[in-house]
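A.B. asks: The listed protein sequences correspond, in order, to chains A and U.
Mapping of the first sequence onto this note's numbering: position 34 corresponds to residue 34, and the numbering continues sequentially without gaps.
Mapping of the second sequence onto this note's numbering: position 210 corresponds to residue 210, and the numbering continues sequentially without gaps.
Here are the computed lysine-lysine pairs in the DSSO-like style, where the Cα-Cα straight-line distance is at most 27 Å: (1) K123(A) <-> K99(A); (2) K80(A) <-> K66(U); (3) K253(U) <-> K80(A); (4) K73(A) <-> K253(U).
Everything labelled a hint here was simulated from the structure, so no lab data went into it.
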Amino acid sequence: MNNHKKQYSNDEILQFLTEVYDPEIPVLNIVEMGIVRNVECKENEVRVDITPTYSGCPAMNMIQEEIFLILQKNNIENIKINTIYSPAWTTDWLSEETKKKLQEYGIAPPHQTNSNVTLIIPKNIECPFCQSAKTELRSEFGSTSCKSLYYCRECQQPFEYFKEI
Amino acid sequence: MKTEQEYLFEFLLRLGDDQLILGHRLSEWCGHAPILEEDIALANISLDCIGQSSALLKLAAEIEEKGRTEDTLAYFREATQFKNIQLVEQPNGDFAFTIARQFLFDVYVYLLYEKIQHSTHPTLSGIAAKAFKEITYHLRHSKEWMLRLGDGTEESHKRLQNAVDELWTFTDELFAFDEVENALVSAKIIPPLISLQQEWNEMVKKVLAEATIKLFNEQCYKVKGSRKGKHSEHLGHLLAEMQILARSFPTAKW
Chain A
1 MNNHKKQYSN DEILQFLTEV YDPEIPVLNI VEMGIVRNVE CKENEVRVDI
51 TPTYSGCPAM NMIQEEIFLI LQKNNIENIK INTIYSPAWT TDWLSEETKK
101 KLQEYGIAPP HQTNSNVTLI IPKNIECPFC QSAKTELRSE FGSTSCKSLY
151 YCRECQQPFE YFKEI
Chain U
1 MKTEQEYLFE FLLRLGDDQL ILGHRLSEWC GHAPILEEDI ALANISLDCI
51 GQSSALLKLA AEIEEKGRTE DTLAYFREAT QFKNIQLVEQ PNGDFAFTIA
101 RQFLFDVYVY LLYEKIQHST HPTLSGIAAK AFKEITYHLR HSKEWMLRLG
151 DGTEESHKRL QNAVDELWTF TDELFAFDEV ENALVSAKII PPLISLQQEW
201 NEMVKKVLAE ATIKLFNEQC YKVKGSRKGK HSEHLGHLLA EMQILARSFP
251 TAKW
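Hey, can you work out the whole structure from these sequences and the hints?
C.D. replies: As structure tokens, this is what we get:
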């Protein structure tokens, strides 16, 4: 790497950020997760707007550090990371392709919320291993904030569901 | 006469302190809950509360413009400067007590944040909209447990009934709105909160009835004054534990 300073386009910056993966779901990068909301490349400053998945998500600090590292690796020195709260992160931002990746990784992808998380616990969550809908909720809170625990009565496997929010 | 900025700061402290103190209380369950799934659930809810409080106190500090941060607000205030309701500082007790405390609080913040997410202050509105979705999950969880414990075994019913009897004394001041909220409503920063108590009563009583829990204590003595800094003895002990590291090593960094 030389020290030549190159002016990057916003798309190029976004491309760099696709190399940062969510530490808790290592098949998804932070761009397809919808954590990166906006990037802006001005003269000698790169600004990245990010939004937390959950208010208390402990991965956010690590994600910020990784953003710094990946941009520094590409000779960008002046980096500003903004945390924004509005609009609130929603799993509806995950594309079909992203949901497919989750399922292949063994996590049942989220149902659509249509901007409304209700007090009714969703039924018919499909098992990511055998696609059976004969599943039951074991706990609404799983190993991370974004997942709940289910059990498949068909293939008798416990699995995680990426909660719709 | 206080300025709008001062009222908003005060209101954010009330919201943020509720979440911070409850988040700390729930964290005390980590490694002690009756089953593994509940250990994880309570720790997750605790994280949400602390995350929400961090966003709210950060905004409070920015609005105050006195150079404080969410951390200095959390770690370098005395008990009398905390504005949380007494409900959330009560010790965990048994699992039924923790669930009852959580349920009474969850219904409150579910209804409160549903309104505040329509605040005309963009950052407050964003934080509240996000928190509202998380709180929906918390309420699903605590409501399910209310039914399971209340309408469960003789022992679980007895414990939950005792918890509700004891906690009812803390429920009036959830709605102790004063010049702070009134000023913000008048300035159209937050929507009116006048219907909140009635909505809370309806929702809580419906679940209590379904859980076969009775309200023997509805007319009991009700504590008041927390929003002005009056607390039970328990808050000081909680703060001693929560604040000791930051106060012993004020410049420590992770």
